[in-house]
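All chains, full assembly: derive it from the sequences and hints.
Counting from 339, one number per residue, gives the positions in the sequence shown under my numbering.
A few of these clues could be false.
Claimed, not checked - If you anchor each label on the Cβ, the simulated ranges turn out as follows:
| hint | residue 1 | residue 2 | range |
| --- | --- | --- | --- |
| 1 | 519 | 345 | 42 to 48 Å |
| 2 | 422 | 395 | 31 to 37 Å |
| 3 | 418 | 606 | 25 to 31 Å |
| 4 | 447 | 625 | 52 to 58 Å |
| 5 | 512 | 413 | 36 to 42 Å |
| 6 | 399 | 567 | 35 to 41 Å |
| 7 | 502 | 611 | 22 to 28 Å |
| 8 | 496 | 606 | 38 to 44 Å |
| 9 | 512 | 455 | 31 to 37 Å |
| 10 | 394 | 622 | 52 to 58 Å |
| 11 | 482 | 515 | 32 to 38 Å |
Hint data in this document are derived by calculation from the structure and do not stem from the laboratory.
Keep in mind that this is a model prediction, so the values were computed, not measured.
We treat Cβ as the ideally placed atom computed from N, Cα and C, and that holds for glycine.
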Amino acid sequence: MNALNLLFQFADNFAFVVLAAVGLAIIFGMMGVINLGHGEFIMIGAYGTTLSANAGAPLPVAMAIGVLVTAAMGFILERTIIHRLYDRLFDSMVATWALGLILTQGMRIVFGNSIPQVSTPLGNIAYGEFSYSTYRVLLSLVAVLVLGGLYVVFTRTEFGIRARATIQDPDTARALGVDTDRMYTATFVIGSALAGLTGALYAPTLTVVPGMGSSFLVEAFVAVVVGGPSVLLGTTLASGLLGFIDAVFTNLFGTFYGQIAMLLTAILVIRVLSSGLTGLVENVRNRMEGE
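Spelled out as structure tokens, the structure:
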């Protein structure tokens, strides 16, 4: 197994899981809403980027358009549908699943089964016989920046303080003057924008088709469950573990076995650690403080 290839494969997998999961994790962690249409939000970001690029926009501008379109769609859906479903977990799951189906079929009706694709920029990194996409390496750096930016937002800003207060005790936060409805709307828009960013970033690397969101949703959902209740720490730990397992088995046996190994790891973690990886971290921390 080539160590260099393993390193780049791990970075690639880590970026994919982080970017796919973080928007879903924020919405679920802060609002208790499982957005089963998350994959379709990613699809909207990819379509917005690809269509804008095909219309002549530079790729960074096209990506920004994809993110803005998805954020605007998230705002409209939250104000018209999602806000009626807070504290109704199963209703929200059914509603967002139905929204995902509507979005998928809507894109198929409007744009057909395929659209012209955007080529992957920046070429390859070459070292001897080894070659890897420069753009996909860049995505791993973007994933780290996204996690760092969200950490700053939720721990170092007034918005973050209000958001965490809303998570912990919405009634008390409301009594202290926090507009919890606005916080929920802002959270859903942020989660939608992050999904749009994922679609925008991966549009040059994938075939953009109406059903593309399902490939993101599975790994995102698994990462959120494995990570546990802490949004950023859980997403980081789950992405690191699942990305490493996938990279090792993909290099040894192929992509199919990498996916199987990742899913089996997720099942094992869920079975052994009921609170996920962040639950394990909290237990270790409490034991150390007790000593």
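Right, here's what the structure says about each hint:
1. Judged by the Cβ atoms, the range 42 to 48 Å given for residue 519 and residue 345 holds: they are separated by roughly 45 Å.
2. At roughly 36 Å, the beta carbons of residue 422 and residue 395 sit within the given window of 31 to 37 Å.
3. Judged by the Cβ atoms, the range 25 to 31 Å given for residue 418 and residue 606 is violated: they are separated by roughly 40 Å.
4. Between residue 447 and residue 625 the beta carbons are some 56 Å apart, a value that agrees with the proposed interval 52 to 58 Å.
5. The beta-carbon spacing between residue 512 and residue 413, approximately 21 Å, falls outside the hinted interval of 36 to 42 Å.
6. In this structure the supplied range 35 to 41 Å holds for residue 399 paired with residue 567, their Cβ-Cβ distance being about 37 Å.
7. Look at residue 502 against residue 611: about 24 Å separates their beta carbons, and that is inside 22 to 28 Å.
8. Separated by about 40 Å at the C-beta atoms, residue 496 and residue 606 satisfy the suggested range of 38 to 44 Å.
9. For residue 512 paired with residue 455, a C-beta distance near 47 Å fails the hint of 31 to 37 Å.
10. Hint check: residue 394 to residue 622, Cβ distance near 53 Å, so the stated range 52 to 58 Å holds.
11. With their beta carbons about 35 Å apart, residue 482 and residue 515 fall inside the hinted range of 32 to 38 Å.
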